[in-house]
Amino acid sequence: MKEEENDKLVRETEQLRQRMLGSSKRSSSAAQDIPLNPFTLAHHLGLDHDNATDPIDEGDATMEDSDTVPTIKAILELAALRLEHATLLDAHGTTLAELTAVRRERDAIREGSNGIRKPKAEVTLSDRVETSNLRIRLRLKDEELQAATKELTFLEMALAQLTADSNSRSDPNAISSMREARVQQLEGLLSEAKRSNAQLRSEMDAVMEKLKQCSEQTVEAEEKAWRSAKESALAAEKSAETIKGDLTNTTTELRKEKEKSEQLEKTLDRVEQELFDLRGEVAGGRHIPPNTRILELKDNPHAEWETSRTAALDRLKGENQALLKRLSEVGEALKEAANTPAPTEVSQSADATSTLVPRESLDLVVKEKDELEMELKQREKRLLRLQQVFKVKSAEFREAIESIMGVKLAFYPNGQVRITSLYDLNASFVFSPDKTAKSSSKTEGGGMSMQLVATGEGGPQDLPNMMHYWIETEGCLPGFLASVTLECYESSKRDKS
Numbered sequence: 001m002k003e004e005e006n007d008k009l010v011r012e013t014e015q016l017r018q019r020m021l022g023s024s025k026r027s028s029s030a031a032q033d034i035p036l037n038p039f040t041l042a043h044h045l046g047l048d049h050d051n052a053t054d055p056i057d058e059g060d061a062t063m064e065d066s067d068t069v070p071t072i073k074a075i076l077e078l079a080a081l082r083l084e085h086a087t088l089l090d091a092h093g094t095t096l097a098e099l100t101a102v103r104r105e106r107d108a109i110r111e112g113s114n115g116i117r118k119p120k121a122e123v124t125l126s127d128r129v130e131t132s133n134l135r136i137r138l139r140l141k142d143e144e145l146q147a148a149t150k151e152l153t154f155l156e157m158a159l160a161q162l163t164a165d166s167n168s169r170s171d172p173n174a175i176s177s178m179r180e181a182r183v184q185q186l187e188g189l190l191s192e193a194k195r196s197n198a199q200l201r202s203e204m205d206a207v208m209e210k211l212k213q214c215s216e217q218t219v220e221a222e223e224k225a226w227r228s229a230k231e232s233a234l235a236a237e238k239s240a241e242t243i244k245g246d247l248t249n250t251t252t253e254l255r256k257e258k259e260k261s262e263q264l265e266k267t268l269d270r271v272e273q274e275l276f277d278l279r280g281e282v283a284g285g286r287h288i289p290p291n292t293r294i295l296e297l298k299d300n301p302h303a304e305w306e307t308s309r310t311a312a313l314d315r316l317k318g319e320n321q322a323l324l325k326r327l328s329e330v331g332e333a334l335k336e337a338a339n340t341p342a343p344t345e346v347s348q349s350a351d352a353t354s355t356l357v358p359r360e361s362l363d364l365v366v367k368e369k370d371e372l373e374m375e376l377k378q379r380e381k382r383l384l385r386l387q388q389v390f391k392v393k394s395a396e397f398r399e400a401i402e403s404i405m406g407v408k409l410a411f412y413p414n415g416q417v418r419i420t421s422l423y424d425l426n427a428s429f430v431f432s433p434d435k436t437a438k439s440s441s442k443t444e445g446g447g448m449s450m451q452l453v454a455t456g457e458g459g460p461q462d463l464p465n466m467m468h469y470w471i472e473t474e475g476c477l478p479g480f481l482a483s484v485t486l487e488c489y490e491s492s493k494r495d496k497s
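Take the sequence shown: its position 14, counted from the start at 1, is 14 in the numbering used here, and no numbers get skipped.
If you're looking for bench data, these hints aren't it; they were derived computationally from the structure.
Only a predicted model underlies this, so the values are computations on that prediction, with no experimental measurement involved.
Note that beta-carbon positions come from the ideal geometry of N, C-alpha and C, so glycine has one too.
Where hints are given, some of them may not hold.
[Claimed, not checked] Cβ-Cβ distance ranges computed for the label pairs, FRET-style:
#1 N320 to A454: 57 to 63 Å
#2 G285 to K408: 36 to 42 Å
#3 Q388 to G456: 53 to 59 Å
#4 F276 to L364: 28 to 34 Å
#5 T436 to F276: 47 to 53 Å
#6 N249 to P433: 55 to 61 Å
#7 L376 to G280: 20 to 26 Å
#8 G280 to E380: 19 to 25 Å
#9 E257 to G456: 52 to 58 Å
#10 T436 to E368: 51 to 57 Å
Work out the full structure, taking the sequences as your base and the hints as a guide.
Below, the structure is given as structure tokens:
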């Protein structure tokens, strides 16, 4: 915004300068074509006065050659051009000074917006702007004084010329009227130029006042920007300190969490190892659950088998240790024999090698191995026979149930039973053991109480009513299955017919 205001003031200054040039041109063009004598022309053109001719002595020649003498309009144009040239030079210097001051203000505003500046620099900038304004005003006053002096000199010269012309002419009345007309015209031009000059001066003063206000506003804006930048810098420092403290706390917490994580990983490894050991104990049947006490007879097959197994393992461990000890001794003997080979030592090492594995241990191990293989084969054969018998009996049981009850049974490992009607394969029902049922809900035979947990897509049309009556009201699953079987039979019979 400050840069736009400065540019606007520069444009107004250029417009004022153009108006001053236009007023000087209008003043020069408003003059009439009044003849002037060569002495006045030489005076205005800056020629040597010695080479010029006296106007009184050459009055008659001037009247005769009035057509070839330069007019007042040409003299005024030449004077106006000189004044315009001087005015342009002064205006150019003034404009350059103003433009330099505006550029400095703009650079100062940019520097203030980009970073923090000190108050001392701001005071220096304001003093510099004020000094520039005072210099511009002094130059304008000097220019006004020079213009007034030039106008006074020009009018005195014009008056002297008119007086000389009036003395050289024969008709005093015509000369007097012409002189009065020229004086009135020149006075009108002078008053008009003074009015336009005063107007332009007032406008220039207004522009200078605006420039001063703009500089003051710029200084205030820079002070506000510096204060706001300082406050933002302090806030940034505080936030940086806060962030640094938070980062330190976060780093400490992260280190603690890492230590906890490492401890938890170690604990997890230990627990996994314990779980693996417990699985081995459970698989071997040696695990006793917590809060559980096992009572057994003093003489029982399991205890006897465990005792014999423990004794065999202890014996094997002893034999293994003896073999390892013997092996180390034989190895040392072989090393000594390699260092000092002798016939007697070689024979002794050969005897030691022949007794490396005891024959009794080997026979015992082979015998136990054969017994274990035989027992394993017998158990596998017994298990195979049991599986075959169970398979045959289960098939007979299912066929008997299908022929008698008219339903198919399917047993699941979780204890659930799926019942499917032979007359409608889509009519299937899944029953599961009711663990929450009371003892009074058991059947008279002492069987387990069952509950319906799922149904198939098929079944009788009146299935919801049957379930409501037989299961919810009566609590009789056999009656429900009998009703469903009867309805499915009737439906299949109707379909076949």
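Structure-based check of all given hints:
no., hint, verdict
1, N320 to A454: 57 to 63 Å, "holds (58 Å)"
2, G285 to K408: 36 to 42 Å, "holds (38 Å)"
3, Q388 to G456: 53 to 59 Å, "violated (33 Å)"
4, F276 to L364: 28 to 34 Å, "holds (33 Å)"
5, T436 to F276: 47 to 53 Å, "violated (36 Å)"
6, N249 to P433: 55 to 61 Å, "holds (58 Å)"
7, L376 to G280: 20 to 26 Å, "holds (21 Å)"
8, G280 to E380: 19 to 25 Å, "holds (24 Å)"
9, E257 to G456: 52 to 58 Å, "holds (54 Å)"
10, T436 to E368: 51 to 57 Å, "holds (52 Å)"
Against the hints set out earlier in the document, violations occur for numbers 3, 5.
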